[in-house]
Amino acid sequence: MANSSEVADSAVSMAAPQSTEISSMSLTMYRVSNWLKSPRPYLMVIGFAAVLSFWYFAVEVWKLPRFQDMPGLTEVFSEWFSKDPYYGLSVYTPEYYKHIGISLRRIGFAFLLATGLGVPLGLFLGWSKTFREYVFPLFELFRPIPVLAWVPLAIIMFVGSETPVVFLTFLASFFATTLNTMLGVESIDESYSRAARCLGANRWQTFKHVVVPGAMPYIFTGLQISIGVAWFSLVAGEMVSGQFGLGYVINTSYMMIEYPKIIIGMITLGIVGYSTSAMVRLLGDYLMQWRVRELALGDS
Amino acid sequence: MNTSLTEESPALTSAREQNTSEIVAKNIYKSYGAGPFAKEVVSDCSFTIESNKLTVMIGPSGCGKSTLIQLIAGFEATDSGEITLNGSPITDPGKDRLVLFQESALFPWMTTYDNIMYGPRARGEDTKDAADQAEFLLNKVGLDAFRDKYPQQLSGGMQRRAELARAMINKPEVMILDEPFRGLDNMSKELMWEYYAGLYEEDRNTNFFVTTDIDEAIFLADRLLIMTNLPTSTRSVIEIDIPRPRTIEEVVNSARANEIKKEVMTLLHEEAMKSFSGGSKAAADFLDAYSKRAD
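Just so you know, the protein sequences line up as chains A and B, in that order. Per numbering that gives the first Met the number 0, the first sequence starts with residue 0, numbered consecutively. Per numbering that gives the first Met the number 0, the second sequence starts with residue 0, numbered consecutively.
Chain A with its partners taken away, still in its complex shape (with noise of 0.2 Å):
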């Protein structure tokens, strides 16, 4: 986040770090004892056990036709439980956390390179009309062309197996990245641009302290959607190239009829995914306090 810091850095600061901290800690601890107090946690629950109930009834108990060559829920959970485990996969085994790490890495960079290029990119492109013209028509035909169909270019293009899935990966962060970057220069209100130049601000202070903090908003909701389809591309780059990492495990368990491997490869890839979306959302939170106050917390 280059531009995010820039903006702390400069003369006119959004806001001191020390009362961010606080109110940061303040916000995650209001929305933890807000949550416990809702009903939202039992209906979690509930929907919990019934999806997983039903697993565990229609492969294990009622054996469904179709369900019936599933790996049923007791076998996944001992399985990945397991100390000794049949398929060499479980919590316990050194090389389940290296599919992990290899997978966080690969998104790592990914995200890191799109958020580097998107945010700028899609800055400039709302900024700059004569800019825009130029880059975003390219843009557009790009865009909507699937991760999947990269697929042998970006074999053909990179070497190694690493820098391929890389690449895939980035592709899609990249797009919603930059597109949600450019709406949100696109979404701030004339009036303040108008206001930071009645005041005395030349062309670069109005976009440092107009158009980048105005823009944030949409670059997070961008940085949400970006963490999200950067996992989608991961699991469809490593299922084709690459070895190692959870997409990898889910393609070779099929392979080797390894099926309780296949579930926990999935389930992995859940609670790994969503906890990278929730850190880019408390990111997102720590840098807009203005943001924060105004939807959450009102007067704190």
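Since the hints were derived computationally from the structure, they do not count as laboratory data. Some clues are possibly wrong.
Said to hold, decoys possible - Mimicking DSSO-like on lysine-lysine, the simulated pairs with C-alpha atoms at most 30 Å apart in a straight line are:
#, chain 1, residue 1, chain 2, residue 2
1, A, K128, B, K94
2, A, K97, A, K82
3, B, K273, B, K25
4, B, K148, B, K52
5, B, K94, B, K170
6, B, K127, A, K207
7, B, K148, A, K207
8, A, K128, A, K207
9, A, K207, B, K170
10, A, K36, B, K148
11, B, K170, B, K127
12, A, K62, A, K82
13, B, K25, B, K38
14, B, K52, B, K188
15, B, K94, A, K207
16, B, K273, B, K261
17, B, K25, B, K260
18, B, K170, B, K52
The hints should help you fit chain B onto chain A, whose structure is shown.
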């Protein structure tokens, strides 16, 4: 809150030096559109915004007052005639004229204090003096306790006050305000008049205030420009000789103020009649209100 208005702080007041700037509009014309669709908005309009006075412009709604602001601010050019600031013609927007627009444009991502300090900081003048001015203005507009709040945490009236402070700290030669208190409820509006008049009386720099509210105009003005219906020109000028500082109560009970009010309403009524015959809905509303008030 009233105490803060009369409170003296000599160290700070002396820091606010006075400018002398005068804007003169001479026989200006302005039309929009071209050919047969051209609509004349300003026609042979002349007026003076005198130095170190608060000039209020009042006229029927939609009479072209906002166009005049665009011209004075330099965002648009006159078709003919000339507007001059201290003798030199106005051709483009400049730092010497600061416009406060109707809609609130406080930056939502900055605290009240950072918003007020924006102008000085943008110009690279983040000095002790600017900070002192910010303190002084925060106090003046009663937002001391709200310095670290973001705009959405302030009420509508507080936002307008913060905006006033943000504009005033730049000490423009001429301050131009386009219906700044429109849309506020009556209580906040009257409070705003007192705050604004207090700020103006602090340095008595040249101020130009546009409104459609007669009470607001009389309470604030040193000079009152009454505009005609479209195409607009100056109908009449009234010197409001009620001594400053004024209080709402004083003005409400002042015989002189009521006399002026009657005069202004008669003039505006005539102008409204003209536009009513031209089919203006705003004029019809005004006439309706006028008939109730006249009783």
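Comparing the hints with the structure gives:
no., hint, in the structure
1, A/K128 x B/K94, "holds (26 Å)"
2, A/K97 x A/K82, "holds (17 Å)"
3, B/K273 x B/K25, "holds (25 Å)"
4, B/K148 x B/K52, "violated (33 Å)"
5, B/K94 x B/K170, "holds (10 Å)"
6, B/K127 x A/K207, "holds (24 Å)"
7, B/K148 x A/K207, "holds (21 Å)"
8, A/K128 x A/K207, "holds (17 Å)"
9, A/K207 x B/K170, "holds (24 Å)"
10, A/K36 x B/K148, "holds (28 Å)"
11, B/K170 x B/K127, "holds (16 Å)"
12, A/K62 x A/K82, "holds (28 Å)"
13, B/K25 x B/K38, "holds (20 Å)"
14, B/K52 x B/K188, "holds (21 Å)"
15, B/K94 x A/K207, "holds (20 Å)"
16, B/K273 x B/K261, "holds (19 Å)"
17, B/K25 x B/K260, "holds (27 Å)"
18, B/K170 x B/K52, "holds (15 Å)"
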